[in-house]
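Combine the two chains into a complex, taking the hints into account.
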Amino acid sequence: MNLYGVRAIYLFEMARMWRTLMQSLASPILTTSLYFVVFGAAIGSRMGEIDGISYASFIVPGLLMLSLLGESISNASFGIYFPKFSGSIYELLSAPVSPIEIVVGYVGAAATKSVILGLLILATARLFVDYEIMHPVWMVTFLLLTATTFSLFGFVIGLWADDFQKLQIIPMMVIMPLTFLGGAFYSINMLPPFWQKVTLFNPVVYLVSGFRWSFYGVADVNVVVSVAMIFVFMLICLSAIWWIFKSGYRLKS
Amino acid sequence: MESVISIKNLNKTYGTGLRALNNINLDIRRGEIFALLGPNGAGKTTLISVICGIVTPSGGTVLVDGHDILSDFRAARSKIGLVPQELANAPFESVLATLKFSRGLFGKPDNPAIIEKLLRDLSLWDKRHEKIMALSGGMKRRVLIAKALVHEPEILFLDEPTAGVDVELRHDMWDMVRDLRANGVTIILTTHYIDEAEEMADRIGVINNGEIGVVEDKTVLMNKLGKKQLTLTLQQPLSNIPNELTNYPLTLSADGNCLTYTFDVHQEHTGIPELLRKLGKHDIDFKDLHSSESSLEDIFVSLVKDKS
Ligand SMILES: Nc1ncnc2c1ncn2[C@@H]1O[C@H](COP(=O)(O)OP(=O)(O)OP(=O)(O)O)[C@@H](O)[C@H]1O
Ligand SMILES: [Mg+2]
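So the protein sequences, as listed, match chains A and Z.
My numbering puts the first residue of the first sequence at 1, with every later residue one more than the last.
My numbering puts the first residue of the second sequence at 254, with every later residue one more than the last.
Bound-form chain Z, shown alone (with noise of 0.2 Å):
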């Protein structure tokens, strides 16, 4: 698939010494919505403002839609807009003012027909007349959006757009970013909750200390270290695991009362009969059972730990 954004070697080192982004190499492909994950402090806002033109990177090279961000960097931002972590707003301009701003700014004539669609889709065209400062929390962060979509961009980076945002906004957010998908936008989003990302993204980007870890569709990622539990609670609690099943992935919880196995969900033989089976040879009864599925959750932390 052809790429939209195509990061090599990319390194940042801050005048402090610190550096957050070490060889970074990646590519966006174009239309997809990519999913950005890594803990706090790992680099996300970094890398995304050294692509928007906010930090100068230290080295490496960046293209956007082959547009190279320093030497051709009018091409290249024309092209992007960009959301940001925080809410950063003129707080004495009125919500209309600042689109029409920000519509300028990135070398568009006035579009009136535009606005007033954007403002409507964001449920904030009966506040177009406020200052910014007398809107709500979430009403700030939908301007931020309007702000980044308001010139029409190829390509949209959403730095945390959920973040202290209300359940029902959240899905407002979430149909509104599949509707650009489905108008052609690249998506890049950084989030904390992982059930956004399993529920948006086409492939997910693990970021940890400034490295790029895995980066996988989400259905693959899934899949490859996706593992199922079965849990199996017991008739009477058991003092410890006896002696031929501990080459088996087995725990036993703190009461003695659960065994959890760990098997993966692609191996052929799972290995659950065979249990089963010497688990009845040790008169080991259990009322219960129920397997789950790891969740992206489980997944990332794994990924982070094993990192670390």
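Chain A extracted, bound-state conformation (with noise of 0.2 Å):
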């Protein structure tokens, strides 16, 4: 195990964050604000409770999921992309770090800006609504997870990626329309019976879900199958990328 090899690649990405700090973390801190504003207190002052909770508070959870997913895609995903943009990856690829060490050196870091971004939204969240959390350790873990878990998918899209259109499209194709119909912003009980059942088929569904459950017990799906399928979910991601690296895909010619 080469662990000076991991160390200088964690050091090296965290090194990039506080350098980019501004980008890296006052615009999700700011564009979250901005739905706590609209969504919280404007429009959240009208609607009535949700499972017994108000619509405000009721949207903290979700809101933190999708910050925190959206962060972690793109942190992981730059990550390794960059090295491929400028080519300086032929450094990584030649010196005597294996796979595993390369992914935890680069989701590491980006799964650790993560948390520490939804740490950052969860105490700004507290600017604007009340909220308590009634698993604390629960909640932690889901943030963990969630962070490692789509780091993860972020670095599979950062290996795959070939232009930087790429590292976009898949972020604004695919998670953005999961993230806004995974339930962040209502109850999957509120919707009609049919929509219920396909919504199911949507992961961040279960996040949400289970994430929302640890701040105030109240779970659209149980908690037990949230945690089992972050565990497939990020199963998926880990076979994919050993996949790349052994195929040496996009990597290796």
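Keep in mind that the hints were calculated from the coordinates and are not lab data.
Any given hint could turn out to be false.
As the list claims (entries may be wrong) - Below, simulated BS3-like cross-link-like pairs (lysine-lysine); rule was C-alpha separation at most 30 Å, straight line: (1) Lys84/A - Lys380/Z; (2) Lys361/Z - Lys246/A; (3) Lys480/Z - Lys393/Z; (4) Lys261/Z - Lys332/Z; (5) Lys84/A - Lys534/Z; (6) Lys384/Z - Lys84/A; (7) Lys252/A - Lys393/Z; (8) Lys471/Z - Lys332/Z; (9) Lys393/Z - Lys84/A; (10) Lys361/Z - Lys393/Z; (11) Lys252/A - Lys384/Z; (12) Lys166/A - Lys384/Z; (13) Lys252/A - Lys332/Z; (14) Lys332/Z - Lys384/Z; (15) Lys370/Z - Lys380/Z; (16) Lys480/Z - Lys534/Z; (17) Lys252/A - Lys361/Z; (18) Lys361/Z - Lys84/A; (19) Lys380/Z - Lys393/Z; (20) Lys252/A - Lys261/Z; (21) Lys246/A - Lys332/Z.
Unchecked claim - So, partial list: chain Z residues that the calculated Cβ filter (under 7 Å) puts toward chain A: (22) Thr309; (23) Arg327; (24) Arg330; (25) Ser331; (26) Ala341; (27) Phe354; (28) Gly357; (29) Phe359; (30) Gly360; (31) Tyr501.
Values in this document were obtained by computation on a predicted structure and should not be read as measured data.
Idealized CB from N, CA, C, for every residue including glycine.
See the structure below:
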């Protein structure tokens, strides 16, 4: 195990975040704050409670998840895409580091950033709404698992993408719709029965539901199912990465 | 002599179907400077990339200091430093940060003293806090060299290290390479400047169309293939070479003013006295004569021509 190698990658990536602190943290925090103002304060004041929770509080976990997903994907995908783009990937490929060590370094750094961001958003939300955290340990667990899983997913996208457009297209075309339809702004019980069934194919529903449960003890789907789904998705991402390194796909000729 | 890199039956066919390496067998000796020469597209970079782990071989084996590059990649790669042909750098990082990164990546703990010495040797110390994109091309190349050396490799690959580098820096680099060799580092370099290979290399390998042609000690290669030429400037232009002299390797310049005789350096009889006597018999007078030795460049050109 090349621990110095993992550490070098991790610190290098974290340094990149400190350097671009404004983009990395400020803009997601600003966006979520706007959501809180518009949906929480303005619209939320006209909405009834959902499952006995005020609308503004209800959307806190979902909004946090939304940022967490987006940031995890963009951090991790950019982290590995950029060396491919600048050509400096040659060093990574010629260094005595194994694929696992590369993944731990890059995904670890991306997930760390996302978790830091998640906690900052949580603190920001406090300025706008009151919320409680019923199961803090589970809350942190969901935070870590989601950040890791979607950083893995971002890493896959970064490996796959061979131009900047492809880097954007999956987050734009797939993740955005899935998160908006993932129950961040509503309970899926509010949907007609048919759409409730369709929604169950959306992995984000499980994340948001589980995460919200850790806050308020209410969930759209069983928490165990939520956790299981995260692991399934994580496994899919890990297999994809394993295959990419094994075959050299888009990394080596 | 003990070989530090041992390449056996190495093949590489790219996804495009292009066969870039064709059954390469080559041994690099410990501590030598080996120059790999060949025209554009010959397969030099591909060969280096396979050894360093950047390109997957299609067949064959490569041992680096006894370690297989695939099954024992950690041991193999940690001995190697690579300066790539392309200027590939993380543009937004500082010089110091990339060096720290490189050293860590190769499994070594941070060592500010080594980094400082390297940066001073390469005249980059003043630039250590600059972002790489703010450096000139020559400086960027020196950063790449520093990155390749920062983990103290035993083997250094230099893929056209002096392309686009000014004369002074070129000589600095040559000095640096000699110092490295004095410290026991094995160096493999590719270059299009023959004088560079002539100046630096202990041995020379010629690669063309993915095949290794000649591999020889530089001096042996030059002696073996080295030809001398005797050029005679004539008093009166000649319209053609007299019949009796046509079996001599003589060429007449277009204007008929110069006669060139090519001979082998190592033959005991150069045939010059005889030739001169015969020229006298034909009343061919000359006002000047000089001889020249073929350079590695001529040798190289003739080798590549022979092959294709
Ligand atoms: N990634 C790749 N995919 C397909 N073909 C490639 C790839 N890289 C190189 N080639 C081809 O392989 C052959 C050898 O290329 P290589 O880069 O090894 O040559 P070279 O000897 O380094 O040339 P140069 O002196 O121009 O650097 C060339 O015909 C090139 O077009
Ligand atoms: Mg090349």
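Evaluated hints:
With a CA separation close to 25 Å, the supplied pair Lys84/A and Lys380/Z stays within the 30 Å bound. For the proposed pair Lys361/Z and Lys246/A, the alpha carbon gap of about 26 Å is at most 30 Å, so the pair holds. A distance of roughly 40 Å separates the Cα atoms of Lys480/Z and Lys393/Z; the hinted pair therefore is violated under the 30 Å criterion. Under the criterion of a C-alpha separation no larger than 30 Å, the hint pairing Lys261/Z with Lys332/Z is consistent with the structure, at around 19 Å.
Straight-line distance between C-alpha atoms of Lys84/A and Lys534/Z comes to about 72 Å, which puts the hinted pair past the 30 Å bound. Annotation: proposed proximity of Lys384/Z to Lys84/A holds, straight-line Cα distance about 19 Å (limit 30 Å). Taking the CA atoms of Lys252/A and Lys393/Z, the gap is near 24 Å; set against the 30 Å cutoff, the hint holds. As the CA atoms of Lys471/Z and Lys332/Z are separated by approximately 26 Å, the hinted pair is consistent with the 30 Å bound.
Restraint check: the Cα-Cα separation between Lys393/Z and Lys84/A comes to about 18 Å, which is no more than 30 Å; the hinted pair holds. Restraint check for Lys361/Z and Lys393/Z: satisfied, since their Cα atoms lie roughly 23 Å apart, inside the 30 Å limit. Taken as a hint, the Lys252/A and Lys384/Z pair is honoured in the structure, with Cα atoms around 28 Å apart against an allowance of 30 Å. Between the alpha carbons of Lys166/A and Lys384/Z the distance comes to roughly 28 Å, so the proposed pair stays at or under 30 Å and holds.
Only pairs whose Cα atoms come within 30 Å are accepted, and Lys252/A paired with Lys332/Z is accepted, the gap being roughly 21 Å. Taken as a hint, the Lys332/Z and Lys384/Z pair is honoured in the structure, with Cα atoms around 28 Å apart against an allowance of 30 Å. Using a Cα cut-off of 30 Å, the hinted pair Lys370/Z and Lys380/Z holds, with the two alpha carbons roughly 14 Å apart. Note on Lys480/Z and Lys534/Z: the hinted pairing holds, with a Cα-Cα distance of about 27 Å set against a maximum of 30 Å.
The straight-line distance between the Cα atoms of Lys252/A and Lys361/Z is roughly 25 Å, inside the 30 Å bound, and the hint therefore holds. Pair hint Lys361/Z plus Lys84/A holds up; C-alpha atoms about 24 Å apart against a cutoff of 30 Å. With a C-alpha separation of about 11 Å, the suggested pairing of Lys380/Z with Lys393/Z holds against the 30 Å cut-off. The straight-line distance between the Cα atoms of Lys252/A and Lys261/Z is roughly 21 Å, inside the 30 Å bound, and the hint therefore holds.
Simply put, Lys246/A and Lys332/Z have alpha-carbon atoms about 23 Å apart, close enough for the 30 Å limit, and the pair holds. Because the closest C-beta pair between Thr309/Z and chain A is about 5 Å apart, less than 7 Å, the hint holds. For Arg327/Z, the suggested interface contact is upheld, since its CB lies about 4 Å from the closest CB of chain A, less than 7 Å. Interface restraint check for Arg330/Z: the shortest CB-CB distance to chain A comes to about 4 Å, inside 7 Å, so the restraint holds.
Evaluation of the Ser331/Z hint against chain A yields a held restraint, the C-beta minimum of about 4 Å falling below 7 Å. At a threshold of 7 Å, the smallest CB-CB gap from Ala341/Z to chain A is about 3 Å, leaving the interface hint in force. For Phe354/Z, the suggested interface contact is upheld, since its CB lies about 5 Å from the closest CB of chain A, less than 7 Å. The interface hint given for Gly357/Z is met, as the beta carbon of that residue sits about 3 Å from the closest beta carbon of chain A, less than 7 Å.
A least Cβ separation of about 6 Å between Phe359/Z and chain A falls short of the 7 Å threshold, and the interface hint therefore holds. The closest approach between the C-beta of Gly360/Z and any C-beta of chain A is roughly 4 Å, which is under the 7 Å cut-off, so the hint is satisfied. Evaluation of the Tyr501/Z hint against chain A yields a violated restraint, the C-beta minimum of about 52 Å exceeding 7 Å.
Hint violations for this structure: numbers 3, 5, 31, all remaining hints satisfied.
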